[in-house]
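S.K.: So the chains spell out like this:
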Amino acid sequence: MSTSTIDVAARRVPPFGGFNRTALAIELKRMLSNRRTVIFTLVFPAAMFFAFGTGSDTARSVGDGNVSAYILVSMGLYGAALTAAASGAMVALERSLGWSRQLRLTPLNPVAYIMMKAIVALSMGAIAIVVVNLAGLVQGKPDMPGTTWVASALVTLACTSTFAALGVFVGYVVPGENAMQILGPGLALLSFLGGVFIPLTHGSAIWHVAVFTPMYGVAEVARAPLTGELPWYAVVNAVVWLAVFVAGAAWRMTKDTARV
Amino acid sequence: MTTATARQEAGRAATASQPAVDLAAVTKDFGSVHAVRGVDLRVEQGEVVAFLGPNGAGKTSTIDMVLGLSRPTSGRVEVLGLEPRHAVAHGLVAAVMQTGGLLKDLTVRDTLRYTASLFADTAPVDEVLEVSGIASIADRKVGKCSGGEQQRLRFAMALLPDPALLVLDEPTTGMDVEGRRSFWEATRRDADRGRTVLFATHYLDEADRYADRVVLLSHGRVVADGTGSEIKALTAGRTVRAILPGADPATLRALPGVDGVEVLAEQVYLRTTDSDAVARWLLTSTDARDLEITANGLEEAFLSLTSDDRTDDATDAVEGGLR
Chain A
1 MSTSTIDVAA RRVPPFGGFN RTALAIELKR MLSNRRTVIF TLVFPAAMFF
51 AFGTGSDTAR SVGDGNVSAY ILVSMGLYGA ALTAAASGAM VALERSLGWS
101 RQLRLTPLNP VAYIMMKAIV ALSMGAIAIV VVNLAGLVQG KPDMPGTTWV
151 ASALVTLACT STFAALGVFV GYVVPGENAM QILGPGLALL SFLGGVFIPL
201 THGSAIWHVA VFTPMYGVAE VARAPLTGEL PWYAVVNAVV WLAVFVAGAA
251 WRMTKDTARV
Chain B
261 MTTATARQEA GRAATASQPA VDLAAVTKDF GSVHAVRGVD LRVEQGEVVA
311 FLGPNGAGKT STIDMVLGLS RPTSGRVEVL GLEPRHAVAH GLVAAVMQTG
361 GLLKDLTVRD TLRYTASLFA DTAPVDEVLE VSGIASIADR KVGKCSGGEQ
411 QRLRFAMALL PDPALLVLDE PTTGMDVEGR RSFWEATRRD ADRGRTVLFA
461 THYLDEADRY ADRVVLLSHG RVVADGTGSE IKALTAGRTV RAILPGADPA
511 TLRALPGVDG VEVLAEQVYL RTTDSDAVAR WLLTSTDARD LEITANGLEE
561 AFLSLTSDDR TDDATDAVEG GLR
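So the protein lines, in turn, are chains A and B. Heads up: the first sequence is residues 1 to 260, going by my numbering. Heads up: the second sequence is residues 261 to 583, going by my numbering.
A couple of the hints might just be wrong.
In silico DSSO-like links for lysine-lysine, alpha-carbon gap of 30 Å or less [unchecked claim]: (1) Lys404/B <-> Lys29/A; (2) Lys117/A <-> Lys29/A; (3) Lys141/A <-> Lys364/B; (4) Lys404/B <-> Lys364/B; (5) Lys255/A <-> Lys117/A; (6) Lys401/B <-> Lys117/A; (7) Lys255/A <-> Lys364/B; (8) Lys141/A <-> Lys404/B; (9) Lys401/B <-> Lys364/B; (10) Lys404/B <-> Lys117/A; (11) Lys29/A <-> Lys401/B.
Simulated from the structure, these hints should not be mistaken for lab results.
Chain A with its partners taken away, still in its complex shape (with noise of 0.2 Å):
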């Protein structure tokens, strides 16, 4: 029968949990090889920009910089949005998959699973942030001074993880590959009401919806850098929505692993 015996004392847990840059490259690898990620939340935004961007009055004066550079850093929220919203519904995704039960498995701790969702999420924000600061730079219209360029991208990376969080939420609740399909068309709703595609009238009838719902709040922080303004409700309504979509996903995702 047995002529040896594999040696317990001698196994080692892995460090941090399991997280490491393998997979998380892996993870990134595969976000950028998936077309439909890369055209819907890399081009699409880059696009919207051109086609917003270059009205007559871009160049009239907003805060330090002009209006195209207030649609600059607006699309650079839609698209970090969009983009950290698909990386989080993936959570779900995989979920469905039995992918997290296989890596149940593994030494892999939750905690670090979702550290490295979160950081897979955010570089994909990040990138397309990027993308769209690249596409206002090649159209040359934007201007603002550099420190408020750089100000206003960070800013808004800082942002996106609310998305995230709204995407695993969304992921739990619709299963499987449905998630983008409602996180599409429901970020660009949530965009027109928030002023992120059209600037909103103050006081106006819109606007007294607009400042509840999720995409205002992120949006007036973005674009404080830029026009130096930032009214108490829009920092309450951000640190709100973002409370709330963290709660859900932690909510749904608690109620998940008790049947992984």
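Could you slot chain B onto chain A? The hints should help.
M.R.: Okay, now just chain B, sitting in the frame of chain A:
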């Protein structure tokens, strides 16, 4: 058995004599459903153990607890002396599931690289690709692989950490005869090196032929535990089936060596240790016709052990199993 070997080696490493799996009074409830109703089971290192039982017997629920995917409602589960989640974190336990568990958009090699990166120590990915016979499709997307290739990939993933305990859920479903044979050869080789294998199966001959030990589960309990031949010996003998209108169960039960009688419509099923005598009596003293004698396999053993609290499902199994 392996117990003796494990004991001999106990001096080398304190943990070597730990049972691979140790379940003590384990129960698992899902709401009002009692999936597992008190299982005690000790599997030594290097054993190949089959979990046999119909759907709903508690096989999967028990395996999930061994893998740390769920916690028992009560009782204690230990794997190699560790709490299941810790055993998994140490790369000591691996499992192959029947379906799913793969990402279609990854290549075969990336799936293995990804999995390997999550463990502290693993065999080299290229070596595992070679051993598992999937080196030639390493750069193929998983979604483009056949069912058999995907199953080999699942095995390759499970073998990466060189697990001390390998848990298999219906491992050879969908494999052809040759694939099944070479799979079991490889599994036996690993078991001889000290790997413990626990597999759930519906294939009764597979459990009988390849497992050192067969554990029969029914309604969340272990109803029998022994070698395939021991299980068979529990209800030694044959089954005599015949068409006999108006059969009287009491008369039949009094026949020589008969320990089980079943009357379904006009058909009678008699489990007996003296099939010759029963057959002779049926054909000479009654109007019985269409007589058939079959040797009892594990399935009949299983049925006789679980026939006490028969449900509708079990009755279906009786009919299907004896025909």
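S.K.: Given the hinted pair Lys29/A and Lys401/B, is their alpha-carbon gap at most 30 Å?
M.R.: holds, 13 Å
S.K.: Lys401/B and Lys364/B: Cα distance at most 30 Å?
M.R.: Between Lys401/B and Lys364/B the Cα gap is close to 6 Å, so the pair holds against 30 Å.
S.K.: Need the status of pair Lys404/B, Lys117/A: alpha-carbon distance at most 30 Å?
M.R.: holds, 25 Å
S.K.: For the pair we were handed, Lys117/A and Lys29/A, check the Cα-Cα distance against 30 Å.
M.R.: holds, 13 Å
S.K.: Is Lys255/A within 30 Å of Lys364/B, Cα to Cα?
M.R.: holds, 26 Å
S.K.: If you draw a straight line from the CA of Lys141/A to the CA of Lys364/B, is it 30 Å or shorter?
M.R.: Violated, because 42 Å separates the two Cα atoms, which is more than 30 Å.
S.K.: Regarding the pair Lys404/B and Lys364/B, is the alpha-carbon distance no greater than 30 Å?
M.R.: Between Lys404/B and Lys364/B the Cα gap is close to 8 Å, so the pair holds against 30 Å.
S.K.: Can you confirm whether the C-alpha distance between Lys404/B and Lys29/A stays at or below 30 Å?
M.R.: The given pair, whose Cα atoms are some 18 Å apart, holds under the 30 Å limit.
S.K.: For Lys401/B and Lys117/A, compute the direct alpha-carbon distance and say whether it is at most 30 Å.
M.R.: holds, 21 Å
S.K.: Please work out if Lys141/A and Lys404/B have their alpha carbons no farther apart than 30 Å.
M.R.: Status violated; Cα separation ~46 Å.
S.K.: Going straight from one Cα to the other, do Lys255/A and Lys117/A come out at no more than 30 Å?
M.R.: Satisfied, since the Cα-Cα distance of roughly 19 Å is no more than 30 Å.
Of the hints listed earlier, those the structure fails to meet are numbers 3, 8, in rising order.
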